[in-house]
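Engineer: Listed below, chain by chain, are the residues.
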Amino acid sequence: MLTNEEENVYGYAVPTLWPQQFIFPTIVAQNGGSLYEDGEVNFTSPEVVEALQFQVDLINEYNVSPSDIQQDGEVTLFLQGRSAMHFNGPWMLEQFENSELNFGVAPVPQLGTVQEAVFANSHNFVIPEKADEAKLDGVVDFLLYVQENALAWANSGQAPAMKATYESEAFQNVNIQSPQVAKQFEIAVFNPKVENWSQAVNPLMEAVNSALLGQKDVEQALEDAEQEASQALE
Amino acid sequence: MAKSLSKERQKQIRVSKFTSFLFVLPYLTLFSLFLLFPLIYGIYISFHDYNLLAVTHNFIGLENYVDIFTPDTSLNTQFFRGLKNTLQFVVYSVPLLVIVGLGLALLLNNLPKRLTGFFRTLYFIPYAISVSVVSVIFLWILDTNSGLINKYIMEWGGTAIPWLTRQPYAWISIVIATLWWTIGFNMIIFINALNEVPDDLYEAASIDGASAWDKFRHITIPTIKPITLFVTITSTIASFNIYGQPHLMTRGGPGNSTEVLLMGIVRRAFEQRELGQASAMAILMSLLMITVSVIQFRLANSKKRGES
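Protein chains in written order, with our numbering: chain A, 1 to 234; chain B, 1 to 308.
Treat the hints as calculated values from the structure; they're not laboratory data. Do not take every clue at face value.
Stated by the list, open to error - Just a sample of chain B residues kept apart from chain A, beta carbon distances all over 12 Å, derived:
{"hint": "1", "residue": "L39"}
{"hint": "2", "residue": "G42"}
{"hint": "3", "residue": "Y44"}
{"hint": "4", "residue": "I99"}
{"hint": "5", "residue": "N109"}
{"hint": "6", "residue": "F119"}
{"hint": "7", "residue": "R120"}
{"hint": "8", "residue": "T165"}
{"hint": "9", "residue": "F216"}
{"hint": "10", "residue": "I283"}
Said to hold, decoys possible - Under 10 Å between C-beta atoms, here's a sample of chain B residues computed to sit facing chain A:
{"hint": "11", "residue": "H48"}
{"hint": "12", "residue": "D49"}
{"hint": "13", "residue": "L53"}
{"hint": "14", "residue": "H57"}
{"hint": "15", "residue": "T73"}
{"hint": "16", "residue": "S74"}
{"hint": "17", "residue": "Q78"}
{"hint": "18", "residue": "G147"}
{"hint": "19", "residue": "W163"}
{"hint": "20", "residue": "A210"}
{"hint": "21", "residue": "L248"}
{"hint": "22", "residue": "G253"}
{"hint": "23", "residue": "N256"}
{"hint": "24", "residue": "A269"}
{"hint": "25", "residue": "Q272"}
Built from N, CA and C at the ideal position, the CB exists for glycine as well.
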C-alpha cells in the first residue's frame, strides 16, 4: 500500500495539465481505442471514456491521488517523496537527480484494459514543396550527418531515430531513463495523421482537466471537447 | 513687430534642431523597426489569408474580421471566450491596482522619513522581476498539496484551498500575483503625485477645521485626479495585455476559465500558423483597448467640467 492519507503520502498523483498530453493518449491506446476514427473525432467512444474515468476514479474512488493538483503539483509531490509513482519525459530528470530523491526508472506499465502501448511524439525535419532543387543534395548530406551522430541527440534525453544508435553500448549509459524508454519503441503509438491535430488536442486536454478536477462529468466533458475539436479541424 | 532672426541665430536653431534629431534617432529607429512597421504590416496581413506554410497569401479584405464575428466558428469561440476572460481580469484587477497603489503611497508618505526610502524600494523590487519568476513563485506558494499557504492553513485547522484549480480562487490567485508584481509602479507614481499637492492647501484646510478625511476627499483626490486617470488608463492597458500569469500559473485552467484573449491570439498565430486571422484578432483587441481608454478619458474629463 503506497497511499497513506494520514501522512499525506500517495501512490500516484494524477497530473491535471501537462503531461496528460502523453499520458491520456497512452491509456486510450492501451484500451485498444483511438482518438480519431474514419475521418471523425472519436472522443466519446467507450475506450476514451474509460481512459478518463479510470484516472478520475484514481482520485475519487481509489483515493491513491490527492485532488486539485495544479500545474507541476505532481512533480513537487514526487520530489517531496509524497507521490510514489510518476510519469514524465526527460525534462525533469536532472532536477530529480540533483535532489536527494531515491528513485528509479521503468517502462510505462499497462494501465489500460487491452494491450501495452505508449504514446510517442517526435521532432521532424520538413522539406517545403517549393524547395530549391539545388539545395536537396545538401539536405540529404545534413540528414545523413544527423543519422550518424544520433548519439548527440540522445545525450539531450531524446529518443534517437537510428536503431543502431539505441541498440549501442554508448546509448545504455546516456542516462538512467533513455534505455528504459527505448524498450518501448516497438509499442509506440503516434498522433492520428490529421492536419493541425494539435487543435483537436487542446479541447481534449481541457476536458481531461475539467473532469480530473471534478468540475465536469466525464461524458459531458468529452462530448463538449469532441464538438469543439471537430469544429477546429474544419 | 517681428524682427527676422539674424543669420547667426538661424544657423544656431538649425544645428540645435539637428542635434535634437540625432538624440531622438536611436529611439526612433528602434520604435519604427519594432513597433511602427510591424503594426502596419500586421494590419496589412490581417487583410490576407496568411497561413505561414502556404505558398500564396491572397487578399481577402475584411473576411478574417467577419469570421471572428460569425457564430459557431472556432475563430469566433476562441476570440470571444478569450475576450470574456480578459475583460473579467480587467474588471477584477484595475480597481485594485489603482486603489492599493494609492493606499500604499499614502501609507509610505505617512511613515517617518528614514523608513520611506527602504519601504519604497521593498515594494518596488517585485516590479523588476520577470513574469516567469513571479509565476513560479506563486505556483509553489499556492500549491494545493505542497504549498506554503495551505501548509499553514492546515496547521491552523483549516482545509486546503485549491488556489489554482478552482474558481474563484484561480482568478484571485492571478490578481494577487499581478498586484504583488506590479503595484510598486503605481505606488511610485502616486507618491510623486501626492508630493506635488501644495502644502498650503492642507494648512488652509486645517485652519478651517477640516478633518483628515475631509482633506483627503476635497484636496488630495481632486488634485491628483490627472495622475489617477493616467494610472487607471495604463493599468487598464496592462491588464488587457495579460498573458504570462494565466499561461504559467493555470495554463488557462481550470478548464478554459482563465484562457485570456492574448493566449488565443498566440495559439492561432504560432500553433495554427494562421497569421492573418491572428492579426485580425489582435487588431480588434487594440481597437477595443483604444475605445476603452477614450471612454475612460472622456468620463474623467466630463466630471471635471461638472465640478467647476
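Engineer: Find the hints from earlier in the document that the structure breaks and name them by number, from lowest to highest.
Structural biologist: 8, 11, 12, 14, 20 and 24
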